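Working from the sequences, and respecting the hints, build out all of it.
Quick mapping for you: the protein sequence lines, in order, are chains A and B.
Quick note on numbering: the first sequence equals residues 1 to 533 in the working numbering.
Quick note on numbering: the second sequence equals residues 1 to 289 in the working numbering.
Keeping only pairs whose Cα atoms sit at most 25 angstroms apart, straight-line, the calculated SDA-like set for lysine to any residue is:
id, chain 1, residue 1, chain 2, residue 2
1, B, Lys254, B, Ala264
2, B, Lys15, A, Gly20
3, B, Lys15, A, Leu22
4, A, Lys228, B, Thr26
5, A, Lys228, B, Ala96
Derived list of chain A stretches under chain B, where covered just means 3 residues or more per stretch with a C-beta under 8 angstroms from a C-beta of chain B:
id, region
6, 17-30
7, 107-116
8, 206-216
9, 230-242
10, 245-254
Hints were generated in silico from the structure; no laboratory data involved.
Bear in mind the structure is a predicted one, so any value in this text is a computation, not a measurement.
Backbone N, C-alpha and C define an ideal beta-carbon position, used for all residues, glycine too.
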Amino acid sequence: MSTSYAAHADDHHHHGPDPGLLRWVFTTNHKDIGTLYLWFALIMFFVGGFLAMGIRAELFKPGLQLLDPHLFNQFTTMHALIMIFGAIMPAFVGFANWLVPMMVGAPDMALPRLNNWSFWLLPFAFTLLIGTFFLPGGAPAAGWTMYPPLVLQGGANVAFMIFAVHIMGISSIMGAINIIVTILNMRAPGMTLLRMPLFVWTWLITAFLLIAAMPVLAGAVTMLLTDKFFGTSFFNAAGGGDPVMFQHVFWFFGHPEVYILILPAFGIISQIIPTFARKPLFGYESMVYATASIAFISFIVWAHHMFTVGMPLSGELFFMYTTMLIAVPTGVKVFNWIATMWRGSMTFETPMLWAIAFVVLFTIGGFSGLMLAITPVDFQYHDTYFVVAHFHYVLVTGAIFAIIGGVYYWLPKWTGHMYDETLGKWHFWISTISVNVLFFPQHFLGLAGMPRRIPDYAVQFTDWNMVSSIGGFVFGLSQLMFLYIVVQTIRGGEKVTERVWEGAHGLEWTLASPPPYHTFEEPPHVTEAEAHG
Amino acid sequence: MVAAKGGYYIPHGTKWPIMGSIGLFTLLGGFALLLNGNASADWIMIVGAVIIVAMMIGWFGTVIGESESGTYNAQVDLSFRHGMMWFIFSEVLFFAAFFGALFYARIYAVPWLAGEGAGGFATGPWLWPGFEGTWPTNGPGDVGGAFDIIPAFGIPFINTIILVSSGGTVTLAHWALKKNERGKLCWWLFATVALGLVFLALQGYEFAHAYADLNLTLGSGVYGSTFFMLTGFHGLHVTIGAIMLLVMLLRSMKGHFTPEHHFAFEAAAWYWHFVDVVWIGLFIFVYWL
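And the structure:
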């Protein structure tokens, strides 16, 4: 905020996008790049969803039906990698690209060329990764966590997977640097840190987590590469290394990664709920501090993924207590969302329905996480379907629900058209009922002892697996409705006003719908009233 | 000149990133093919590397041209500074992964293999009777065969002096730049690059010596793994830093930079200090202790 500026690009006299498809390849515009990220994420969501359908079809009944065990393992591994790195993370970066400059009153992202590269690395990374399905021996099949020694037995796919992860990491780090710099250096006059929308705050902290965590993942997979191809002994006990060491390095990345996947969701929900409760967000500052606390604690909980692997008792206890500590700031957030709704003038448009479902269902995922945090209890739950149920509640009814809710919330702003409210509500109710049919029974299966990542199971698990699969098919199919609604809204529909929603506050709602190609070339002056409502 | 145009510069369209993506895809895809035994994959890698080098020359060339023509105002300059700072932070964390591996191996993995902890019920001594668990080690399996290590107070100590001195010379170059003393700037930069190259030459000699005479290789168990991974990646970063400083030297000789406006120089200097600090960590924890 060192200088005032009258932002204006010097080298172009035209103000709209270039004609032709190559515009999308060469673009430096944050709105274009945001759109690219969001479409990429949606495509990957359907690719990963197709793999999930295969998994649920195989598990519909005991015995081996559709997928041989090796292919089943490829499906589970690739489903996770694609959904995490291809769908959820790019979707959030897409939101950040579209919204952060508009929310802080900046003319664009701080480093527009770098922004283009951050996106255009992803299709290449996923070509390397998904291409492994067509290699002899198939795709990676040792789980997305890539534990050695199993992963090193993977054949031709190993090097491709590792390099794909490297490229995704470069993309994430550069994208995160751009977001941090935009937030810290590009805010309009009057947009003080504590006036920023909570979505911007959560992304500031998420970007920090990305820059700190992704290089550690790069280091971990580099050690896998050298162990397999260059004779090192990092994870080989005969040479003085330790396979457990990989798990420590991996989860030092992996746990902050969990919060990378959920903090922007917290941000989206914190924008939606005040709008439809027609009240300012309850406890704004405590939300900021809670987010920062979660980010800090996320670096000292990693070994709760490894309670059964063999650790000193002091380690088991330390990681149990720190993990439980995360429930405190998370509880602050859930409390604040509920308190925001308390005595609000609530209406239940589609985005609000997704947000309320998020609060309820994400909290269920949080509670099962607390159960898993208890070390002796985790000895029973570890690697069962209970864990699968837990992280799908936080990632599907958490992250994905926030993304879908956020799309319904901002799509009218982005396109200038209102989506079909009736269809949106149908999409919500079918998804929310089916997702619980899909994942809730997996708690029972896990508690009863069904292991995860297994294509076959004992007959007593049949009934709940059938229920779960039916829920899965309905949930999967209902997402086609989402695609239909989005395309329909882009192509036309009722025109919306600048503000779109009666109770919406923030700079993005002062712009036209859809916003012009370049916005805030003259920085706005931000008042307390517009910032917090 | 800088302030004259006023606004925050936003480029309109760029072809360099997609070229970088294609280059990186070709390079790493080729590397993966090579690792899987594809005979002609080295050519694919070379093509990829050439594309990346061309992209970097083009991209940095564009930015240097824009900078010298006064396109960037103070706020753009600050964006670059923030960006470089966070990039270096990410590099710190990359090294942290390998330092973490080193510490984990020394503090936990190796002593546990020798039976420490676990209240006398450790499986290590049953699997590997006679393994002492002292450092350095190539593990109970004697992976890679017996080896000798490089003592800290030989070439590594000389290298420490060289690299720390080069941190001083680059600062002297910076002071000269701020006083607009072009001659001194170029000479101190030249001295910095020269010290960097001497460091790399000594490191190269040491690696050759380790492989040829000491039987210390990347395959020498966990000691060789951590030793070469840390020093090797550090050497790569010194190489990158030296290339950056060399570019700064050439630009200084061409008359680029002003006492007020020289972000690229400072970025290269920060990077150089970063590789310096990593080296001090290496000297203490890899060579000395």
